[in-house]
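Engineer: Residues per chain are reported as follows:
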Amino acid sequence: MRPEPTFEAPWHAQLFALTVHLNEAGQFAWPDWAERFGATLKQHGLEKDLNGGDDYFTAWLETLETFLTETGAAEAQALSDMRAAWEAAYLRTPHGQPVYLD
Amino acid sequence: MPHDHSDHDHPHSLLPSDPALRVKALETILTQKGLIDPAALDEIIDTYENKIGPKNGAHVVARAWSDPAFKAALLEDADPVLAEMGYYGRQGEHMVVVENTDAVHNMVVCTLCSCYPWPLLGIPPGWYKSDAYRARAVREPRKVLADFGVTLPEEQAVRVWDSTAEVRYLVLPQRPEGTEGMDEAALMSLVTRDSMIGCGLAAAP
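Residue numbers (our numbering), protein chains in the order written: chain A, 1 to 102; chain C, 103 to 307.
Check the hints yourself; a few may be wrong.
With a straight-line Cα cutoff of 20 Å, these simulated EDC-like cross-link-like pairs (lysine to aspartate or glutamate) come out [to be verified]:
(1) A:Lys42 to C:Glu282
(2) C:Lys135 to A:Glu70
(3) C:Lys153 to A:Glu8
(4) C:Lys153 to A:Glu4
(5) C:Lys135 to A:Glu24
(6) C:Lys157 to A:Glu4
(7) C:Lys173 to C:Glu282
(8) C:Lys135 to A:Glu65
(9) C:Lys245 to A:Asp49
Part of the chain C face toward chain A, derived, beta carbon under 7 Å [as the list claims (entries may be wrong)]:
(10) Leu117
(11) Pro121
(12) Thr130
(13) Leu214
(14) Ile225
(15) Arg241
For each label pair, taking beta carbons as the anchor points, the in silico distance ranges come out as [claimed, not checked]:
(16) A:Thr66 to C:Ala141: 43 to 53 Å
(17) C:Ala288 to A:Gln97: 46 to 56 Å
(18) A:Ala84 to C:Val206: 51 to 61 Å
What the hints contain is simulated information worked out from the structure, not anything from laboratory work. Note that the structure is a prediction, hence the values are computed from the model and not measured. Even glycine gets a Cβ: it sits at the ideal position worked out from N, Cα and C.
This is chain A alone, in the form it adopts within the complex:
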């Protein structure tokens, strides 16, 4: 039997590490994070039962984006622009080559 992977997808791991790192760097206290995350999970759980996989980390991501926007660490427009820049970078990079921003 293969052991379960620690993280189901690479972005789950990146997001987890990012959040732990920001906490350790003093960007926010962990209880404040947990309270916000719990509220997002509750909100998302109203529509459907969350399975604890992708939907769990989707809620996690939404919480972190909102939190950082509120603290001023990242602006919503800048996040949206940067996401578009990464998408464009992937689309113009030939398959198999490293992807870089402009």
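Following the hints, put chain C in place on chain A, whose structure we already have.
Structural biologist: Using the frame of chain A, we list chain C on its own:
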């Protein structure tokens, strides 16, 4: 130009999912602002993927089974005992160890989100984070246990502990019969992750 999905030649790199792109955007912006160090992210991932896992908790349990003084200290105040073993919470949480006995079986949940004793058990499994477990563990713990294949005697009470950002719980499962004379290393192999969440029992030798 929109991505042509009928093209099977993949002339460009596979586009990551929407959340994956948003995570990349966060990382890039926070790195540019000097708020995070990308190398630290890799170190955190490596730690949780390769260094921290249920074997840490199993080590603690096996020692508690083997050493009564250690067990007493662990149940009394777990933090200093665990810190000495190198298992301490990076998010500043307190650890509480709850002991299963013939009278009471302990089970752990986090109804708020998914607070979990990371230093001892690593990253929680998907089911621990699911709405189903988080809701049912409190409402019908015996039914949840039955789903895990665990049926407890009627007279054994079930106590459910709700984790928080500040307090995390580890269940000290009952030592299985027939393990007299086994050393710590052999005992460790009987301690499953689920038994330390309280959704399973330690394995029989």
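Engineer: The structure should be examined with respect to each hint, and the outcome stated for every one.
Structural biologist: Evaluated hints:
{"no.": "1", "hint": "A:Lys42 to C:Glu282", "result": "violated, 46 Å"}
{"no.": "2", "hint": "C:Lys135 to A:Glu70", "result": "holds, 16 Å"}
{"no.": "3", "hint": "C:Lys153 to A:Glu8", "result": "holds, 17 Å"}
{"no.": "4", "hint": "C:Lys153 to A:Glu4", "result": "holds, 15 Å"}
{"no.": "5", "hint": "C:Lys135 to A:Glu24", "result": "holds, 17 Å"}
{"no.": "6", "hint": "C:Lys157 to A:Glu4", "result": "holds, 14 Å"}
{"no.": "7", "hint": "C:Lys173 to C:Glu282", "result": "holds, 17 Å"}
{"no.": "8", "hint": "C:Lys135 to A:Glu65", "result": "holds, 15 Å"}
{"no.": "9", "hint": "C:Lys245 to A:Asp49", "result": "holds, 18 Å"}
{"no.": "10", "hint": "Leu117", "result": "holds, 5 Å"}
{"no.": "11", "hint": "Pro121", "result": "holds, 5 Å"}
{"no.": "12", "hint": "Thr130", "result": "holds, 5 Å"}
{"no.": "13", "hint": "Leu214", "result": "holds, 4 Å"}
{"no.": "14", "hint": "Ile225", "result": "holds, 5 Å"}
{"no.": "15", "hint": "Arg241", "result": "violated, 14 Å"}
{"no.": "16", "hint": "A:Thr66 to C:Ala141: 43 to 53 Å", "result": "violated, 27 Å"}
{"no.": "17", "hint": "C:Ala288 to A:Gln97: 46 to 56 Å", "result": "holds, 51 Å"}
{"no.": "18", "hint": "A:Ala84 to C:Val206: 51 to 61 Å", "result": "holds, 55 Å"}
Hint violations for this structure: numbers 1, 15 and 16, all remaining hints satisfied.
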